[in-house]
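> The lines below spell out each chain.
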Amino acid sequence: MMKILVVEDELHIAEGLRFNLEAEGYQVEVVETGEAALDLLMAPEAPFDVVVLDVMLPGKDGFAVMSELRQAGQFVPTLMLTARGHPEDILKGFAAGADDYLAKPFELAILLARLRGLLRRRDWLRAPVNHTAAKSQPPDTFTFEDKSVHFDLLELRVRDKVFPLTLMEANLLRYLIRHEGRPVSRKAMLENVWGLHEDTDTRAIDNFIVRLRRYIEDEPTRPRHLLTVRGVGYRFVAAPK
Amino acid sequence: MISAGRRKSIAFYIAFGIGLILVILTLYLGWVQLNWRHGALLVLGVLLLIIIISGVILNTISLVREIHRNEQKDAFINAVTHELKTPVASIRLYLETLQTRAVDEEKRREFYRIMLDDSDRLLATIEQVLRTGRMGAAGRGLNLVRIDLTALVEECVARARALHRIAPESLTFQPGADVSIMADLEEVRAAVSNLIDNAVKYSGKNVNVRVETEPLDGHVLVRVKDAGVGIPKTELKRVFRRFHRVPGPLASRVKGTGLGLFIVRSVAKRHGGRAWAESEGAGRGSTFFLQLPVAK
Numbered sequence: 001m002m003k004i005l006v007v008e009d010e011l012h013i014a015e016g017l018r019f020n021l022e023a024e025g026y027q028v029e030v031v032e033t034g035e036a037a038l039d040l041l042m043a044p045e046a047p048f049d050v051v052v053l054d055v056m057l058p059g060k061d062g063f064a065v066m067s068e069l070r071q072a073g074q075f076v077p078t079l080m081l082t083a084r085g086h087p088e089d090i091l092k093g094f095a096a097g098a099d100d101y102l103a104k105p106f107e108l109a110i111l112l113a114r115l116r117g118l119l120r121r122r123d124w125l126r127a128p129v130n131h132t133a134a135k136s137q138p139p140d141t142f143t144f145e146d147k148s149v150h151f152d153l154l155e156l157r158v159r160d161k162v163f164p165l166t167l168m169e170a171n172l173l174r175y176l177i178r179h180e181g182r183p184v185s186r187k188a189m190l191e192n193v194w195g196l197h198e199d200t201d202t203r204a205i206d207n208f209i210v211r212l213r214r215y216i217e218d219e220p221t222r223p224r225h226l227l228t229v230r231g232v233g234y235r236f237v238a239a240p241k
Numbered sequence: 001m002i003s004a005g006r007r008k009s010i011a012f013y014i015a016f017g018i019g020l021i022l023v024i025l026t027l028y029l030g031w032v033q034l035n036w037r038h039g040a041l042l043v044l045g046v047l048l049l050i051i052i053i054s055g056v057i058l059n060t061i062s063l064v065r066e067i068h069r070n071e072q073k074d075a076f077i078n079a080v081t082h083e084l085k086t087p088v089a090s091i092r093l094y095l096e097t098l099q100t101r102a103v104d105e106e107k108r109r110e111f112y113r114i115m116l117d118d119s120d121r122l123l124a125t126i127e128q129v130l131r132t133g134r135m136g137a138a139g140r141g142l143n144l145v146r147i148d149l150t151a152l153v154e155e156c157v158a159r160a161r162a163l164h165r166i167a168p169e170s171l172t173f174q175p176g177a178d179v180s181i182m183a184d185l186e187e188v189r190a191a192v193s194n195l196i197d198n199a200v201k202y203s204g205k206n207v208n209v210r211v212e213t214e215p216l217d218g219h220v221l222v223r224v225k226d227a228g229v230g231i232p233k234t235e236l237k238r239v240f241r242r243f244h245r246v247p248g249p250l251a252s253r254v255k256g257t258g259l260g261l262f263i264v265r266s267v268a269k270r271h272g273g274r275a276w277a278e279s280e281g282a283g284r285g286s287t288f289f290l291q292l293p294v295a296k
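Heads up: the sequence lines are chains A and B, in that order. FYI, the numbering for the first sequence is 1 to 241, going by the working numbering. FYI, the numbering for the second sequence is 1 to 296, going by the working numbering.
Where hints are given, some of them may not hold.
One side only, chain A facing chain B, incomplete, derived with CB under 7 Å [to be verified]:
hint, residue
1, E10
2, I13
3, L108
A few chain B positions that, by computed beta-carbon distances, are all more than 10 Å from chain A [said to hold, decoys possible]:
hint, residue
4, V23
5, L48
6, R134
The hints are simulated quantities; they were obtained by calculation from the structure and are not laboratory data. Predicted model, so just to flag it, every value in this text is computed and none were measured. Each residue gets a CB set at the ideal place from its N, CA and C atoms; glycine is no exception.
Modelling step: build the complete structure from the supplied sequences, incorporating the hints.
Here's what the structure looks like:
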């Protein structure tokens with residue numbers, strides 16, 4: 001049975017989530033503080049398949065909990081849930097290592113669908129048996145010059161170096177690669193990669209590009225693949241002249 | 001992160017102020033060396049120097065204050081966003097649950113109760129914000145009526161017991177004065193309720209709140225004593241400021257808008273009374289006082 005950890009100090013919301021998740025057939029555990037969540041998740045063999053993490057917690061907040069988990073090598077799929085829905089907050093959540101982010105008030109059906117998505121992604125990543133079985137399928141990779149992106153493994157290989165990618169970094173890269181050679185606006189990226197439809201400042205996306213450039217480019221300050229298009233956004237070029 | 005940014009900008013303005021004062025002093029000393037023979041000019045120069053330096057200091061102080069105020073406003077917006085969105089999210093979650101799932105009768109009743117609680121919480125936040133807006137608006141008169149204070153406090157205590165689900169022995173009321181006051185019923189009710197709500201909220205799990213009234217030459221004192229987290233000495237006055245919230249881990253575990261005590265103090269002032277707090281320090285409980293004039 002799939003086990004979900006809900007970290008939420010607003011008991012009404014926590015209980016509402018518990019009722020719905022149990023009705024979906026998941027096993028649910030609720031904790032009220034970030035410290036309690038860390039205790040549970042840092043334990044060896046933490047038995048949780050996915051975590052729903054609130055940001056505004058008493059004591060340690062959700063961002064701090066998230067980055068501590070990731071730094072400690074706990075990569076359990078995590079969806080952050082919060083009343084703070086500004087793009088800066090959302091990107092801060094992803095920067096801390098979240099796999100998905102949902103602003104309160106949320107739609108129940110959307111929350112459940114996103115959790116299902118996270119569980120599915122985890123299963124795909126975790127199923128080495130299926131990998132060998134599906135070996136005839138072309139692997140989900142993209143190669144350019146001496147670099148290759150392995151979307152299924154969430155890895156970027158540059159010559160002999162391997163960089164782990166977060167889900168969002170991989171998704172952003174995939175989106176840029178799909179539009180190879182064409183400029184892509186920041187707004188389009190927010191809409192299509194993050195699913196955000198906000199008329200707010202979209203500059204925070206630049207942080208992600210900076211990070212990707214650090215992986216891909218030989219000289220991150222003089223990019224050849226991930227080019228800035230002034231006033232618009234970015235453009236990916238696989239084989240620059 | 002916000003406070004790091006703030007500290008940086010405050011440090012900048014203070015350094016800027018000190019820098020300006022040094023420049024002025026250098027110029028002045030040079031000027032004295034050139035003109036030391038003219039006595040009258042020297043006196044004039046000293047006066048001007050003092051004026052300029054105090055101007056620079058005042059300017060620096062007001063800039064630092066402005067930065068502080070902006071930061072508090074940001075924190076306030078964040079807190080209000082949270083206080084408004086959380087109950088809406090909860091109500092929405094339960095409505096969607098009821099709409100999409102088969103829920104048995106007992107659960108259904110529980111969900112209705114939770115949703116009613118959340119709408120109360122939402123309403124309380126909205127009222128706090130609107131009341132603060134009204135307090136700031138000049139010229140709004142008080143609707144003065146004769147109020148039986150004992151009955152009013154009794155009502156607030158009963159409401160708080162029901163709202164926070166606490167046993168009568170954890171929240172007691174000892175009327176010590178059978179007096180009437182001439183006051184605005186809505187405002188005094190809000191002030192007394194805010195004091196009781198705060199005492200309960202900052203008590204943690206073991207609520208032990210005592211409410212008392214006491215006559216005090218021409219005034220009546222409402223005293224709300226708790227055994228909760230307490231208040232450090234330096235914060236005793238600040239807690240009544242608008243948007244102010246006690247920094248530190250103990251108090252930040254309690255959510256709020258930073259408006260409650262501001263409303264209490266405003267109500268007291270508008271009625272010719274006052275409000276203050278006493279505490280033995282952090283962790284040792286606190287007592288809040290609301291003093292109002294007795295009706296003639």
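> The structure should be examined with respect to each hint, and the outcome stated for every one.
We went through each hint and held it up to the structure:
1. E10: holds (5 Å)
2. I13: holds (5 Å)
3. L108: holds (4 Å)
4. V23: Fine: 37 Å to the nearest Cβ keeps V23 (chain B) off the interface.
5. L48: holds (47 Å)
6. R134: holds (26 Å)
Comparing the model with each numbered hint stated earlier shows that all of them hold.
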